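Trainee: Generate coordinates for the entire structure from the input sequences, incorporating the hints supplied.
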Amino acid sequence: MSENKKTNEVANVENNTIVLQEFLGDLSLKTSDEIADVDTALEQLLNKVQQIWSNNDNNQDVATQAVSLFNQSIDIVEKITFTDSKDLQTLVKLLQHIEAVLKRVIYMDDEMILIRKIFFTLFDLFSKPQFCACLKDDQYTKTSHKEVYRRIIAVFIDLLSVRLTDIPMVVADSTIRRYTDILSAMYKRVQINIKLNIYDQHIVDRILSLFCSLSDRIIIVPWLLGIGLVKAILECLPLLDINSGGRTLSVIGILHNISRHDDGAAEINSLDGLAILKNFQNNNNHMSNDTNNLLLSMAIALLSTPKQIRSDNKRMNRILNQLLQITMEASKTENHRSNVGFHISEPLGVLAKLFVDDHSLEYALSHAETDPQLDVTSTIDLFVKLFIKFRGASVQKNQLEHFTCTILLNILWSISFQDHYKTKLQQNEEFFKTVKSLAMDSSETVVVDDYVPSSMESMKKAANGILYNLNETLNDKKVDMTNKQPVFNTGSEKPMIMISYAHANDQFCDKILAELARKANLFSLWIDRDHLSSNEDLWEKIALGIKQSYVVLCLLSQDYFNSKSCRKEASFAVKRKKEIIPIYIGEPGDCDWLGMSFLFLISTDAI
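Numbering (our numbering), first residue to last: 1 to 607.
What follows is a list of derived Cβ distance ranges for each label pair:
#, residue 1, residue 2, range
1, A154, E43, 20 to 26 Å
2, K314, K494, 51 to 57 Å
3, Q308, G392, 36 to 42 Å
4, G341, E587, 36 to 42 Å
5, F508, Q308, 19 to 25 Å
6, I192, K436, 52 to 58 Å
7, A275, T143, 39 to 45 Å
8, L239, T143, 25 to 31 Å
9, R177, G392, 36 to 42 Å
10, D166, R310, 35 to 41 Å
11, K136, V340, 32 to 38 Å
12, A266, L239, 20 to 26 Å
Hints in this document: simulated from the structure, not taken from any laboratory.
Everything numeric in this text was worked out from a predicted model, so none of it was measured.
The beta-carbon is built from N, C-alpha and C at its ideal position, and this holds for glycine as well.
Mentor: What follows is the structure in structure tokens.
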């Protein structure tokens, strides 16, 4: 299937799902007509399920029939008393057959768009009010039906979880809110069970496993935010035994996964989650479960600011050792997973965030303790070889592998800022050639529609950033060649102010622009948002804007310090010896790359 065709299909998935839902809705209205005899309803449905494959070998038709029969089975439950044990036995057999049919389709690697349809349609069916009521232990749910619904809920969770890692997702999916009721009912069931110390493996452990899988798809973490789940999970954590089985692992895993999303990390931190995680780890320093310990460490790292990282040096050095070790292990396996199941993107993602801080980068490259022990050259080679490997895979647009390649590029971009390390990258011809081909590949403008945290940039932007750092002479020539082109056609010789800012601070930037607009007769302005419509390379235009400016106005914040694009702009301004006016947004923040060279260029003149 061509990439354009696949992109179009994914874009139309929601429409296809709505059509399928409408079909199921019409079909459920006919249930009473098709199955008039309630006493034999389950037998009739069982017979139909058993005949699905014999009557049709079209996967789309098979899935549609199986889901619609599942829907009918749910609707018919209310009409059956289940006083006869045979009814429950028949229902169990019916559910087993439906699950088997759907799993047979779900496990087909060449049916990912269909699998996506199945996932969302099943989630819609799972959102029916009777399941929310059952999970809440609603008094109006008949006692005879509670066990039936528990079994159906288990089937739903198993089917939703089975290929969740591989299902194509798009950014628009993050805005879906129609599952809030069922998600809330599930986490509240978990919270009650943990607080009462009730071990309900059949439902609660399944729910925790589903939350773990859902949150592992970072793109849909917003489904779990703002509904009380994070607060509930943080409250449950201290009640668990660190050395216990899957339940503790799932709870810590959920918090770690949510912390990988910027909005998730913000919600955890707003609830004092960093302190809760640190206290839990400190109070359980005897823990024997290395996986739990590593998950806690990664979550702590993702939730910490550079200042917090440096103030807790011993803990962070230990975390960096662990992350590098697990990256080494995962790099040697065919599926890129460590011996405890972590995909290599997980430790790499934390490293990418930590490497925004030069102290963490320096420790990892020069001082980290691993087995076997790596030196600077072998550590950089590890990242380079992984990048080249995943660059080949990312061409196929597998979301996880594409994301891993993006992480690796950002790690290498951080390394390329360091003069004493970038020569090792410059000497690797294969690396330089691969990065250059990626930066010049026009097809990379249509990338996999996926979430990228604010500590990272897109593949294309990271590739261009690396090339700039490794080959400044070439880029300077480009800027010199275009220097004859006016940045603005203002018709005046007014001095120009270039504004350098992080896009996360757009609102503050708007206020600055409004104030500066009052003195438009005194100077002109250059800001990147006025140049996004052109097909020309944005960095060339930014570099030209800096070069032709009289002064560079830097809107400094922690978001600015964490952005490698902002660092690139500031470094270029310093190199060009431009006067710089810093404006701090809120607290000054913490940054180690700004350096004294930047401070020497600060202008004392008022705007």
